[in-house]
Structures are given as structure tokens and as C-alpha cells.
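Engineer: Here is what each chain is made of, one letter per residue.
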Amino acid sequence: MPFSFFNPWFWLGALAIGAPIWLHLRRRRETNLLRFSALRFLDDNPEPRRSPMRLRDVLLFAARALALLLVVAGFAWPYLPAVNRVPIRESRVYVLDNTMSHQANDGFVKDRQRVLSEISAAGRDVQVAVVELAATPRVIVAFGDDRETARQRVEQTLPSHQRGSYLAAFRQANSLLANSLGEHKRLIFLGDNQENQWHENVNTPPFLRDVEVEIPKPEAQVLPNLSLSEPRVQRIFLGDKSLINFTVKLSRVGQPENANIILRANGQVIFNRAVELAKQPESMMLQAQWEADPMLWLKGDVTVEGADVLPADNKVFFSLPPVVEGKVALLAQSPYLRLALSRDIMRGQWDARILDPAKLTAETDAGKDADVLCLESNYLQSSEARKLLWRYLSNGRGVILFVNRVTPTINGYLRELGFESEGAVRTPAGNSEKFQFILFNHPVFHPFLSPDYGNLTDIRVSQYYRLRASEAMPLIFGERGEGLFFQGGKSAGKLFVAAFGMERDQTSWPVHQTFIPFLDLALQTARAEDPTPTTFEPGEMSIIQLPASLNAREVVLHDERGEIARARLEQGKAQLRLPDMPGLYTLTCDQNDRVEKVFSVNPSPKESQLTYADSGDALKLWRMNPAEVAKTKPSSARTQVRVAGVLQQRLWWWMVLGGLAMLLAEMTLAAAARRAA
Amino acid sequence: MLDTKTLSERFEPKVLAALEGLDLKARYVMEGFLNGLHDSPFHGFSVEFSDYRNYQPGDDLRHLDWRLYARNDRLCIKRYMQETNVRFYVLCDTSASMNYRGATAWSSKFECAKILAAALTWFLLRQNDAAGMVSLGKESETPEYIRPSQRPSQFGLMLRHLEALRPAGGACLSQLLQHAARLVHRRSVILFLSDLLEPSEDVALGFKQLRFQGHEVMIFQVLDPDELEFPFTEAKIFEDLETGARRIVAPQMAREKYLSRFRAFMAEYENLFRQLEMPHCVVRTDSNPWEALARFLAERKRMH
Chain A
1 MPFSFFNPWF WLGALAIGAP IWLHLRRRRE TNLLRFSALR FLDDNPEPRR SPMRLRDVLL
61 FAARALALLL VVAGFAWPYL PAVNRVPIRE SRVYVLDNTM SHQANDGFVK DRQRVLSEIS
121 AAGRDVQVAV VELAATPRVI VAFGDDRETA RQRVEQTLPS HQRGSYLAAF RQANSLLANS
181 LGEHKRLIFL GDNQENQWHE NVNTPPFLRD VEVEIPKPEA QVLPNLSLSE PRVQRIFLGD
241 KSLINFTVKL SRVGQPENAN IILRANGQVI FNRAVELAKQ PESMMLQAQW EADPMLWLKG
301 DVTVEGADVL PADNKVFFSL PPVVEGKVAL LAQSPYLRLA LSRDIMRGQW DARILDPAKL
361 TAETDAGKDA DVLCLESNYL QSSEARKLLW RYLSNGRGVI LFVNRVTPTI NGYLRELGFE
421 SEGAVRTPAG NSEKFQFILF NHPVFHPFLS PDYGNLTDIR VSQYYRLRAS EAMPLIFGER
481 GEGLFFQGGK SAGKLFVAAF GMERDQTSWP VHQTFIPFLD LALQTARAED PTPTTFEPGE
541 MSIIQLPASL NAREVVLHDE RGEIARARLE QGKAQLRLPD MPGLYTLTCD QNDRVEKVFS
601 VNPSPKESQL TYADSGDALK LWRMNPAEVA KTKPSSARTQ VRVAGVLQQR LWWWMVLGGL
661 AMLLAEMTLA AAARRAA
Chain B
1001 MLDTKTLSER FEPKVLAALE GLDLKARYVM EGFLNGLHDS PFHGFSVEFS DYRNYQPGDD
1061 LRHLDWRLYA RNDRLCIKRY MQETNVRFYV LCDTSASMNY RGATAWSSKF ECAKILAAAL
1121 TWFLLRQNDA AGMVSLGKES ETPEYIRPSQ RPSQFGLMLR HLEALRPAGG ACLSQLLQHA
1181 ARLVHRRSVI LFLSDLLEPS EDVALGFKQL RFQGHEVMIF QVLDPDELEF PFTEAKIFED
1241 LETGARRIVA PQMAREKYLS RFRAFMAEYE NLFRQLEMPH CVVRTDSNPW EALARFLAER
1301 KRMH
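Just so you know, the sequences run in chain order A and B. Throughout the first sequence, residue numbering follows the numbering used here, covering 1 to 677 in sequence. Throughout the second sequence, residue numbering follows the numbering used here, covering 1001 to 1304 in sequence.
It should be emphasised that the hints constitute simulated quantities derived from the structure, not laboratory data. Please read all numbers here as calculations on a predicted model, not as lab measurements. Among these hints, one or two may not hold up.
[Said to hold, decoys possible] Here are some chain A residues pointing at chain B (derived, C-beta under 10 Å):
| no. | residue |
| --- | --- |
| 1 | L33 |
| 2 | L34 |
| 3 | F36 |
| 4 | S37 |
| 5 | L39 |
| 6 | R40 |
| 7 | F41 |
| 8 | L42 |
| 9 | T204 |
| 10 | P206 |
| 11 | D210 |
| 12 | R273 |
[Stated by the list, open to error] Heads up, simulated EDC-like pairs for lysine to aspartate or glutamate below, C-alpha to C-alpha not over 20 Å straight-line:
| no. | chain 1 | residue 1 | chain 2 | residue 2 |
| --- | --- | --- | --- | --- |
| 13 | B | K1236 | A | D43 |
| 14 | A | K606 | A | E282 |
| 15 | A | K597 | A | D505 |
| 16 | A | K490 | A | E416 |
| 17 | A | K217 | A | E200 |
| 18 | B | K1257 | A | D43 |
Glycine included, every Cβ here is placed at the ideal spot set by N, Cα and C.
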């Protein structure tokens, strides 16, 4: 870096040297000064022949001299040629992939061993740093660390279940190299070359400059693996029964032909069976139902046992909170809806309140909003009903709207909600439309993948309104391709819109066996969600939100063996990093044993995709254009080297610190001496 | 008459320093002094019996001589002669050199001068003398003048003014004297408190002017023992309090010359005051202040 008075380092250094010395000298002069009233009688007195600054306190003098020496030496250190006598030939950064996928075939252990041996073998003219590729890339060995420390730190690094980003790790390594002293900069990537990693983040601005990247070739294109992912658990009520509907995705890559699947919930084995995979697709959804107490937390796991190279992804965990009775406000004439939501049917799940259309003003003013409002569109003729609906949506509450009638007024209001009616469709008797396509991935319809709850495609619709939705997602289509059930996306609260009313002359759904489960699931989905999810990835940082009424100071995270983490709870929120190990973790408050939440930590499904590829285009895109490098090279490269050199000299900092400490000691000593005098 | 040993024993610089406010300090000094002088400090000195006159209705019965009445059966009122009704002015030097306080002194020169001034004021007012003050304000161009008065409240006024004074700036004596000569018209006694560390030629004119106007001037020269004896041993940087000029001084080498010069300086002033018939009293800041007061009283006796 060329010397310049505009350089902030210069001013900082000058201040650091000048301020203590100025203070010191100023104080010294003060101590030897006598303010006298009769100096006029001394005007022509002869100057003393010897210095008045006689050395009286050797200790004080030594402290001063040492302080000055240390400060000067400290600032001069990075520029002394003798210190940097060994030129740094190479700066090398290892990116050690510690994501779960790299556990396959002991890839991580082998690479860790390689790093250890290369650290030992590296000469004095090679700087070495190691970046661990995990959820958040971190520098486990810095350039300034000695070899023994570096070895210890690498040895202490254990395989993790996290998913990290190649790009983030490369950026971290690049910033280390940018501040390194070596003439030759190398980045050695020790990872498994997962295909999905290279395909992610391709569209990033180039950042690798003057760095030689070494990436080992993948040993295989694909490795055989069995994995479980996407566990999904829902509670469905059928009559008096509370059923758990559970699905999990089983993925198979490569050769495994048989697997044993074990499902456990609340300490019981629900399912334990061998499955033949040979003729099955590579990815399949496994589903199970069982009865469970709705008042208890559901905690369980699924394991697949089979021949594969990555056992870490063979188990997934799941949890489900106990049922909390919800409140429904009903503004509908349909006897089916009234019956379905009555206490006899929905006891313990939903408490329905039938609104009086004549008293909607009072209802609006009272502000006793339920969790979900269920209403028929003919009530939207009333402005009070429209206000009520809008208030529910604005307050983040759910609304299920059955469009059984459309007038110009109602149509105008539907337009505000993002829908537009294009007229009614009436099919002749005996020729009613069936549900043709259903989005089974949606939580409302996901359990209906199982035939146990009835077949939705049997439902017929004889009269409906053709709704054009610009900002809503159709979830059910009829045979003519018209959307029949929608989820709105415009409002804060969740809005479900059925293009028909729940009357027998419009649809057969109210008498179909799926009606009650559907209504329950739709209400559950429409209800405001718990803001804290219960499923996390290993090492993920989470904001946990608990009811503001909860009077607690701390949240405590436990695993099976006991407490593992603690975080302060402020205004009902706490920040917590989830553990690295997959499993089930319970959250309690303070010393209380009551379980507030149960978290399931499962590895990312992407880590189970053991398909490998060359870095290919990704690395080309990450590299800076050589012409661009050349343009910026002369000034910036030199800057980086020198600043890095200065900053990385630990001794430099210690000397400056020592000098300042000595100055402080000297001042204390001088003050004590003066007091004693 | 003056038992100095007793006074010295009685004077405690620590007590004086611990007292809060100039008022208390002045009283401590004066009452200590008067206690040493008489058994009853407030009688027999300022008020002296003169003669009798016949009682007339309306006279204060306190002044009736009951003994005479018992002996002669005559009602007579005692008449007292007011010793003085002179106006006193206090002039206090506020140059920065007055701020000096040596290692052995019980206070700075300025503090000592203020205590003396306050004590003298208190004493004079007790005798029904009128006391006033002339001093230099913050900007030495403008004088601050307190009209002499015998009222008891005058003491408080003088004290407040004295407490507000701060030593600062350079030579100011000639200015102060000139202001006094301009402001004091009637024949008065001027109590001048200063270290006089200014060339005598500059100050002499002011003193002469006052003297020729008929005023009596009493000089209290407040000096620190360091100035009188120059007891320093270590070489130091000496900084002038008034000018800020600095000099490295080796005291062993400079002491002799300093003392000879200082003596010459004092001799010059003594000659001047002798010529002008002005009582001159040196007050050391390491000794008790009664010595100065005794000197003052002796001079006052002499004047009357």
C-alpha cells in the first residue's frame, strides 16, 4: 500500500503512539513544575550546570523505557525484514465438507485424514487454513494458528447432519485467501460433489480471483441409498375416533431391493414390515393410520433398514401437538353444515356458534371473533356480513365461503376478494359433474390419498358458479375444467372458497363420507397457524414463539438424556439453535416440567440425494474474468497483502498492548510515588 | 500587654482551615485576639467614659449611674466618648501572585489577606467605625466600591464581596491605588493588604497620592515563608504565577542572589513607607494573624 496521509491506518497508528506519549510527557512536566510568585527575583539566575531531571526512580524509568520500546517495536514489527524472512510461498485453504451426504462411504473421515496429513507435511512457507462446510461455514483453522493447534482442531471436528452451501463455503475460503500473504493461493475442496449443490446458486456474481481451485473428481455418479423424508402427520376425526394420518416419503437410489420399515409412536411399534422395493418406483409415499389420544403430544419415528451407504438418513422423527378445541362462527342456512358443526359431531374439536343475521352489527361490535368464519355467499348481500368477513380476514383469522348465490352486489364483493363470477352452471339431472382433479398435496386433501377416508372423486356437483380467480389457487377442478374449490392468497387470514353451496340440489358432498373429515381439515387449515414450526433441520436457528401470557424467563430444550440448551424468553420469543443430531426435542419453561413444544429435527432431504457431478459450469461462473482481475490487480492486491500482513501479526498486537499496559503501570507507579512523597 | 505566647498557643491553623466561610474565620481570628487582650473583648476599649450630665426624661435608663445615685441621690447619665468616627477602607490586592501557598503556610496569601480584612472589618464595625472597600473587578479597569457604613449589615456585604474576589492577572497595585485616590474623598484610614510583589517605583506614586490627599494608609504585606526564605532544594521549573514565564532554577545556586534581591526589595518599600509615615506590617502565612492585628492596634493608638 503506498504511503499516504489519507490512510486511516496512519492516523490510527499516529494517535495510538502519540496520545499516550503526550499524556505521559504532559504529566511529567506538571510534576516538576512549581508555580511561584516571586520569579522576578530569579530573572538572571544562572542556568543549572547539570540536568535537573536526575534519575531518582529506576523502576519508573525502566517502565517508561520499556513501554516506549514495546510500542515502537510493536508498530515497527510488520515492516522489519527479519521478521518475514521466510517468504510465504503458498496460502492454502481446505474446504472440508461436513454435510450429512459426505458421511456416505466415510467420505468425511477420509477427507479429514487427508487434511491432517497435509497440514503435517506442509512446509513453513505454506500457510494453511481450514473452513468447515456446515449449515454456517466456519473457519476452524486460521492462517495464524500453529500446526499443532490446527491438527487438534481438525481432529476434533465430528461428522454433522447439517446441510451447508458450497457457495457460502467458497466465499468464506475466498475471503481468507484475499487476506493471505502467499504468492500462490490455493483452495482445495474436499467434498462429495453433490449434483444438487453445484446446481444451486449458479447465478451468483463471480468472486474467485487469483485462486487456484482443486476439486477432486467424484468417484461415482450415484451411490445406492435408502432415505426417508417429508414426514407428515395429521389428526383426523372419524366419529368418536381420533385417527393419526401419517405419510412419509421413501426414496431409493441404486440397488437396494428390500427394506424393513419400522414405525413407532409414543413408545409403541405401529408398523414393522419388510417391503420389497425392486418393482417400486424410486420415490414412493408410505402412509399409515392409527388411533391416538387427541389430548397427548404425539411423538414418533420411522426407520428404514436396508443396504445403503448413508445410514444417517434412514430415520425421521415427527411430532404433533394435542388437540385444542377451536371456535367456529357459522352464518349459513345449510342444515348439513349446521349438523356437521354441531356439538354432537365436533365435540372436543370445534365449538360452533350460529350467528343471527339480524344481529350482525352487535357481532361486529362485540369483537368476539372465532377462529374460523363459515358462511354462505347469499349473506354477503348484507353490508354487515361483508364487514364481518373482511374483519376476519384482516385479523388473520380463517374464512370458508360457500358461493351458493351471486348477485351484482355479491359479485362486486367477490371481486374485492380476488374472485369474479362468470355465471352459474347448472347441469341436467343425472348428468352432474364429478371432481376431476384434486390437489392432494394440499393439507386439506392430503389424507384423502388413502381410500380409508373415502374417495373424493365420487362427489358430484350439479350447480355451481364459474369463478375466475386471479389471486387464488384452485384446489379442486370439475370435469369441465372449472375450479370448484379455491384457496385465496390476497388476505392476511386464510380464505377457502367453494364455488357451490352445501345443499343437496347443488352437490352430493354433504352426504358423502368425506364431508366431515374434509370440513374438519379445512377448518384446521384455515385456523391461524402456530408461528413456530415443529420440524427443523440440524443446526437451524429458530425463533420460538410462545403465548405472551406465559410467565416464564427461559425456555429449556431437552433430549432424552436431559437439558441441552437454554435461551432467554423475551416478550414471548426466544432464539434457539437446534441441535446437530436428528431426533425429538422437548421444550419446557424455567423449572416447569410441562411440555410446551416438541420439535423434530430431521436432515434435509437434499442431503440424501447421492448423485454426483463435476463442478462444471458453477465453478466457471464463480471465477472472475481474467481481464477484470488484471484491471484491479496492481493496487488492490498489494493492499490486501500488506494489510493482511499487519493484521495477522499477533505479536504485533501483543507488543502494542504490552506497551500500553506498561504505560498504565508506569502512571500508576508514578501516582503512588507522588502520593508517598 | 499582648501575651503572644498565649495567642500562639491558641491559634490553630487546622481549626481555621476547617471553618466554613469567611465570617466564621474572621470571628475566630478576632475573638481569639481579643480574648488574649482582655477578659471581656467587647468592653472598655472602643467605648471610653467621658463625663456626666443630668438625667432628662426619655434618656435610656441603661446609662444611668446607679452608684452615683446611691451615693449622692442624683440622677446622672454617663457620657461616653466615641473613640473614633473614622472611615476605614479595605484595599485588597487581587493579583495572581497572591494565590501562592508554600508548603509550610496555613493558607494562601490571598486567603490570609481576606481573613485579615474580614476580621478587621468585624472589629471596626464593633467599634462603630465605618468600614468600606475598594477592589478591582474582574476587568481591572473598573473598580468595585463599597461605601463605608457603620451598620451591622455592612459586615455581611463586605464578606460577600471579599468571598467573590478571585486572584488573577498581573500587576494591579498602582491601578488599585489610583482608583482609591479617586474614589475616597474624605480623610480616611486605608488598610492595604498585598504582597507588594511589584516594583516599588510603580506603586510609590499611588501611595504618595493617597498620603497627600490626607489619608492614613496602613500596609499589611502578606508574604509566604517561601518568598522570604527561599527554602527550595531541588531543581525545578519555576513558573511565574502572574506572567506564566518559566525558568529552570537550581535553588542552591540561586538562593543567595534571590535573598539579597528580596531584602533590597523589602528595604525599598520600608524606606518608602517610612518617608510616607505609613505603618508597615509583614504578615507571614505560616504564623498566626494576631501579630498583624496587634501591630494594627498599636499603630491606631499612636495615630490617636
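Engineer: Against the earlier hints, flag every one the structure doesn't satisfy and list their numbers going up.
Structural biologist: Of the numbered hints, 9, 10, 11, 12 and 15 do not hold.
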